[in-house]
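**Student:** Respectively, the protein sequence lines represent chains A and B. Per the working numbering, the very first residue in the first sequence carries number 1; after that it's consecutive. Per the working numbering, the very first residue in the second sequence carries number 1; after that it's consecutive.
Read the hints as simulated data drawn from the structure, not as lab findings. Misleading hints may appear alongside valid ones.
Since copy identity is lost for identical chains, a pair holds within one copy or between any two.
What the hints assert, rightly or not - Restricting the straight-line Cα-Cα distance to at most 25 Å, the calculated cross-link-like pairs of lysine to aspartate or glutamate (DMTMM-like) are:
# : residue 1 : residue 2
1 : 251       : 275
2 : 140       : 206
3 : 140       : 151
4 : 266       : 336
5 : 108       : 316
6 : 56        : 292
Note that the coordinates shown come from a computational prediction; the quantities given were computed from them, not determined experimentally.
2 protein chains.
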Amino acid sequence: MNLDQAFEHFIPYVEKELKSLFLNIPPHLQPFYGMIGYHMGWLNEDFSPMPQKSGKRLRPILCLLACQSAGGDPNDALPAAAALELIHNFSLVHDDIQDNSATRRHRKTVWTIWGQPHAINVGDGLFAIAFLSLSSLREKISGHRLGAVYEHFASACLRLCEGQYMDMTFETQLEVSEAEYLTMIAGKTGALLGCASHLGALVSTENGFVSEKYRVFGEKLGLAFQIQDDILGIWGDPQVTGKPIADDLLKRKKTLPVIYALEREKELGGRALRDFYAQDSIAEDSIPTLLELLHELRALDYARRINHLYCDEALEQLSAIGGDPEANLLLKELVERLRERSS
Amino acid sequence: MNLDQAFEHFIPYVEKELKSLFLNIPPHLQPFYGMIGYHMGWLNEDFSPMPQKSGKRLRPILCLLACQSAGGDPNDALPAAAALELIHNFSLVHDDIQDNSATRRHRKTVWTIWGQPHAINVGDGLFAIAFLSLSSLREKISGHRLGAVYEHFASACLRLCEGQYMDMTFETQLEVSEAEYLTMIAGKTGALLGCASHLGALVSTENGFVSEKYRVFGEKLGLAFQIQDDILGIWGDPQVTGKPIADDLLKRKKTLPVIYALEREKELGGRALRDFYAQDSIAEDSIPTLLELLHELRALDYARRINHLYCDEALEQLSAIGGDPEANLLLKELVERLRERSS
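Whole structure, please, built from the sequences with the hints as guidance.
**Tutor:** Structure, rendered in structure tokens:
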């Protein structure tokens with residue numbers, strides 16, 4: 001089984017687990033759960049069923065593979081896998097309001113269709129259902145371990161909010177250091193991927209040292225993933241990313257390549273890039289100039305280097321853990337997929 | 001010990017438990033936790049400490065008294081009491097955004113000061129910390145029971161969101177039936193008060209039948225509390241409620257007295273009140289006319305009757321449970337405090 005086959009194999013189980021949380025909905029609440037189903041990619045805007053075209057489901061798969069790697073049956077980790085996907089989606093719904101984003105995955109965002117008050121509540125509902133999903137683990141693991149699962153999950157949710165707080169403050173903060181940036185993404189992206197790997201392992205093993213190693217593995221993977229995302233946000237193909245060209249530049253997002261380039265330019269005594277980022281907005285026709293500046297400052301090379309660094313660290317961590325060889329091959333393939341191609 | 005003394009006795013423990021969740025905050029996150037501390041009533045807008053003047057802390061006290069009533073040590077339930085207060089406050093922060101409310105407890109709301117994106121995130125943070133707080137129960141109760149605590153808590157959070165959904169739809173829905181209204185408040189207010197009483201009992205007893213009875217008691221109490229709130233929202237003294245006079249009428253809120261009066265008027269073939277509620281807004285100088293209409297339709301009498309009904313049902317439920325006589329006396333006093341005075 002290769003990674004694509006693993007996704008193909010596991011996703012239907014994850015979807016089934018997710019959908020099992022939305023049964024027997026009374027008529028008066030159907031629009032509420034309809035909005036949730038719309039965001040999850042199951043329903044159209046009029047709540048009619050949508051041909052299946054879900055998100056990547058990266059967190060559930062990571063959780064299931066970590067469970068298998070740590071010696072467990074991946075099926076036992078399905079409630080955790082579903083919980084992780086729900087929390088991820090809670091954060092997307094709220095993020096879209098906070099960022100004022102009108103589209104996601106080529107579709108209108110929840111707040112754009114139903115307004116901010118309902119969208120806030122849809123996110124809150126997803127948050128609650130995520131915790132509710134974990135309770136199905138009761139049949140699989142001891143109460144003691146279930147307590148640890150809840151604690152680590154809640155803790156990852158809080159780190160997500162902390163990362164989100166930092167991300168929002170960066171918008172109005174001209175100078176963001178690389179260290180601040182890495183702390184932010186460790187919360188906003190690393191914590192939940194770390195938690196995915198952690199919970200998968202916790203379902204399999206009582207050994208806290210081992211499961212903690214899986215958490216570190218997942219967090220490194222999360223950092224690599226975020227930096228790949230940063231690269232695609234500037235240099236990605238709009239047809240693949242589903243976002244406008246150089247979207248992060250237009251939004252003046254201070255992602256790793258930009259932060260590095262701003263620091264480098266300062267060292268060199270320049271200020272052309274800095275002046276762009278000091279403006280209230282960046283015009284579309286400045287994009288070629290910005291890309292040229294980033295090229296001169298070697299921003300893409302640097303971001304790729306850091307992406308590789310985290311990928312390598314994740315692989316080292318995985319080797320150090322040992323674990324089920326078949327699952328580990330798939331986890332390695334997952335790491336390689338998050339490695340930004342250097343050619 | 002009477003109820004006032006019980007509040008005085010328990011609140012410092014609750015506050016200590018709450019504050020124990022906010023230790024060792026790194027400097028870069030202090031504004032994030034500062035916003036949370038502001039909302040909780042611990043900090044001023046500039047994050048300087050505020051002389052203690054917290055909220056009512058009704059949910060924590062109910063939880064601790066239910067724990068004592070069910071034969072346990074109330075101190076053991078403190079992590080649950082803190083979690084309940086945090087979830088209540090999560091819902092207030094988001095509610096203020098959704099309702100566009102500029103003030104709460106005589107102070108500016110979080111979104112008014114720091115904007116909606118941060119306020120959404122502050123609410124999310126409170127949600128996560130609430131679940132984190134529950135994990136301290138690990139030292140007090142078995143893993144099996146802890147699993148039940150998490151499940152019931154998550155389930156109450158979801159009912160809260162369902163209630164909030166209904167409440168928001170009522171704003172644009174002219175005809176709201178009494179049954180719909182009661183379902184809404186059972187979610188929006190009843191679920192969390194039910195949960196408070198339930199979790200307190202769960203900390204004390206392995207017996208699920210007994211703890212479920214406490215949940216029902218708390219939910220009845222919650223319904224009585226909400227209807228008292230509805231009465232005060234129209235006829236309350238602004239000096240006591242901290243809200244403008246007849247605030248709910250100005251906001252065209254469809255609370256129980258109004259729903260009853262609209263139904264009654266329809267039966268009688270009138271439409272004066274209905275015409276007011278069909279407008280986009282209600283002017284301040286219409287208040288005397290509206291109050292007169294509600295008086296003629298006996299809206300206050302009716303709301304009082306329903307409030308009494310739920311208070312009586314709560315008392316009956318409590319008698320049927322039995323439990324520690326000292327704690328039960330205090331719980332009875334709590335019910336009586338939520339009974340709308342008929343004179």
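**Student:** With reference to the structure, classify each hint as holding or not holding.
**Tutor:** For each hint, the structure was consulted:
| no. | hint | verdict |
| --- | --- | --- |
| 1 | 251 <-> 275 | within (15 Å within a copy, 47 Å between copies) |
| 2 | 140 <-> 206 | both (13 Å within a copy, 20 Å between copies) |
| 3 | 140 <-> 151 | both (17 Å within a copy, 15 Å between copies) |
| 4 | 266 <-> 336 | neither (33 Å within a copy, 69 Å between copies) |
| 5 | 108 <-> 316 | neither (40 Å within a copy, 51 Å between copies) |
| 6 | 56 <-> 292 | neither (32 Å within a copy, 59 Å between copies) |
In the structure shown, a violation is registered for the earlier hints numbered 4, 5 and 6, in ascending order.
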